[in-house]
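With the hints as extra help, turn the sequences into a complete structure.
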Amino acid sequence: MNLSKSVIKEPKSLSYELPQTKSLFKNTTFTIVLAIVATLIIGSIVVDSFVDIFNLSRLLRQASILGLITIGMTFVIVGGNGGIDLSVGAIFGLCCVISISLQSETLKNTGSQKFTGIEAPIWAIFLTCILAGALIGLLNGIACTYLKLPPFIATLCMMNIVRGAVMVYTNGFQFIGVRPDFAAISNGFLFDIIPNTLIVLLIAAVIAYFALHKSSYGRKVFAVGANLRAAAIAGINTKRVQISTYVISGVLAAIAAVLYTSFSMSGDPKAGSGYEMDAITAVLVGGTPMIGGKGTVAGSLLGLLFIYLLKNLLTHLDINSYIQQLLTALLMLAVVLVQSKSNRKEA
Amino acid sequence: MGKCVLSVENITKSFPGVTALDNVNFELQQGEIHGLCGMNGSGKSTLLKIITGNEKQDNGKIFVDGNETNFHTVLDSKKAGINMVYQELSLVPYLSVAENILLGNMPKKNGFISYKEAIKRSREILERLGLHINPTKIVEELSVAEKQMVEIAKALSGDTKILLLDEPSAVLTTSEIKSLFKIIKQIKEQGVTVVYISHRLDEVFEICDRVTILRDGKNVGVYNIGDIDVNELVSLMIGRSLVDFYPEIKSYGSENNAMEVINLNNYRLKDISFHVKEREIIGIYGVVGSGQKELTEALFGIDTKELKIDSYKINGKETCIKNPICAIKNGLAFIPDERKQDGIAVSLSIKHNAVLPFLRKVCNKVGFIKKQTENEKVNDLMKKLSIKASNSDVLVNNLSGGNQQKVVIAKWLGKNSNIFICFEPTRGIDVDAKAQVYKVLGDLRESGASVILISSELSEVIGMTERLYIMRKGEFIGELKREEYQEEKIVSLASGLEV
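These protein sequence lines are chains A and B, in that order.
Residue numbers for the first sequence follow this note's numbering, so the first one is 1 and each next one is one higher.
Residue numbers for the second sequence follow this note's numbering, so the first one is 1001 and each next one is one higher.
Hints in this document: simulated from the structure, not taken from any laboratory.
All residues carry an ideal CB built from backbone N, CA and C; glycine is no exception.
Any given hint could be a false lead.
In silico contact screen, one side only, chain B against chain A (beta carbon under 8 angstroms); selected entries [unchecked claim]:
| no. | residue |
| --- | --- |
| 1 | Asn1330 |
| 2 | Phe1334 |
| 3 | Pro1357 |
| 4 | Leu1359 |
| 5 | Arg1360 |
| 6 | Cys1363 |
| 7 | Gly1367 |
Below, computed lysine to aspartate or glutamate pairings styled on DMTMM-like, alpha-carbon distance capped at 20 angstroms [as the list claims (entries may be wrong)]:
| no. | chain 1 | residue 1 | chain 2 | residue 2 |
| --- | --- | --- | --- | --- |
| 8 | B | Lys1188 | B | Asp1159 |
| 9 | A | Lys214 | B | Glu1376 |
| 10 | A | Lys239 | B | Asp1166 |
| 11 | B | Lys1277 | B | Glu1318 |
| 12 | A | Lys294 | B | Asp1393 |
| 13 | A | Lys148 | B | Asp1303 |
| 14 | B | Lys1147 | B | Glu1167 |
| 15 | A | Lys214 | B | Asp1393 |
| 16 | B | Lys1218 | B | Glu1232 |
| 17 | B | Lys1481 | B | Glu1167 |
| 18 | B | Lys1218 | B | Asp1065 |
| 19 | B | Lys1079 | B | Glu1167 |
| 20 | B | Lys1473 | B | Glu1203 |
| 21 | B | Lys1079 | B | Asp1065 |
| 22 | B | Lys1185 | B | Asp1166 |
Structure representation (structure tokens):
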């Protein structure tokens, strides 16, 4: 038997690599940008005041709040393995009530019941809410990893637990009135035109962009989302990564709630109902598939912007909100269909 | 001589880079138990896939009962009475035994499924096989052996003339194998023809009437079982390998152990002890399903179920590998057999895959990726391993199997791991890519790493290793030095024959 020696030829080309498609039309982000531009053009034609700095600035002030939640949702969904966070709306409601309870000692509300609060400085309000959001996110994460619950179920339960607790505490009453210094946070504009909430969103977006796309942490999130087992074998602490995405989501929902309370000057225990669905829709429209392992922060935010513009346009056209809901849903469906088709082509 | 129920004439089938079957003839007589033997990659599974309509032959004809037939799908072959029991069980775990046996063929009454009838019918089938399994039981609750029997019952539920069994005994214990054989003999008496594929040659000799031997895609012999002895069969299976593409294996003769394991036990493995010296390349050979996967996963901390090790030393230091993170810290690297499951994320780029284990090396203190360092590092690895891709941003999904495997190796090369646990590292990749993987493993030793090559491919372990452990049914049953390598001996040991 001849066991040794052999000459290894330089291999012939073995690559079955497909040409990299850089075609702009296959790029999800570009598709959304196109959709946004189209909406703006149509809007400016059919409604006089649509592409109006004042209108857009007000629109962005509101959209920025949901934008924060959308960023958090992007992390959770990119983290894959069924990752989804249905509890963000409830965390939002909880933090609205916490924020308003930290305004002053007596709290005005829609009921006759007496609630006592604490007059806390603004930083303490933020800190309390962020801690609450982080804690709930942590519990979500632990339920999905160590307890091995499907994220859909774990966060659905969390959503109802948190919302239920808030309703029990408030008895369903709304709180009204915030301190002027607190109201100034979200109601302010930089140069009278850029809403403060947009600035917060942009800061969060830049941080999120670097975290997800430029850091080793982000690489781990993608790896865990794309192939949990392979990531674990490559030495990644997959549970920690998964938990972290839920914490990020919780914290961002909490910050969004503080901004919203400042902006609406009231605390509604029902606030944020349905936000989880809006955020998920934005993420999907933005090109992140539900299976994870893929996606961009920019895409999600553009997806959200598109949804907001569309809704705003329909409002300007005096289309009633029920029809609006129906139309936006159909449009979402179309966008996601087109995207999943082009995704399949890529694969 | 019985009547010929199935014959296959001059079948040829090529895949890119390999000819899996080359002018193969194969014939089954009614009511016989026919063994099909061959090493890994000899073309057994391709032949079966063609017979069951899973693959289409390039050339050649198939005759069932003397009539030429063309199977386009598995359903076609089932209709013709050919049923196959696959190695990996295909039962639906949450349905009952009856539902599984009659899957897709449930008896109906007034348009609704009649469970009463289903249970009655499946009980009949089970009893015909002498099985005492309650048809209402949920499949998940059955033992592996019972599942295997249900699988056979399922295959026999229709009008089966030919039953193909692919490694049915791989997961069974000795007593379970006995009852399996009893069942096979019963089926035979009922006039069913059985094809029995097994790497365990002792079983082939015990149960089969005739045997066909495949080697490198060719039929190298058909024998009545009484006309051939073990040695002949083994040497027919082995033959000579045509290409010799292994790098030169020199011994460094180091005295220090890189890894030493004493008495590793778990649910599948029994008292496994071995050692690897520094810069040594050892092999662990066994037929498919001898517990190799369990061993690799236990060594790397992936599967720690019921794991008990008396001593696990790496570079002379006692360690405890409780998860992959631990293993990597100790300098271990793992090249898995299921690349797409355990090795790479196909939807990510080469770069994103390759840097995973050593992210810290390409990051600054805050945790941001240093783009230039990363690119240099990845390009360097791609060049070293000659990974064929236009750049490191190409998705791994778009690479060939061989190049994907090299991405897996790149991960650990970049990490500077020094003990490589390779489990079937060349499975499913073409000959050229295989040669390159072998060369890389050789190079790894040059640069100071130790390699453990766990494989069921004989030529590979013989060509690549200095020392060989032979594994059978979860135990190490022999250790050979390179001078003592004899293919016949290795195969006989691994397949449970005495020489």
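What are the numbers of the hints the structure violates, in ascending order? Hints 1, 10, 17, 18 and 19 not satisfied by this model.
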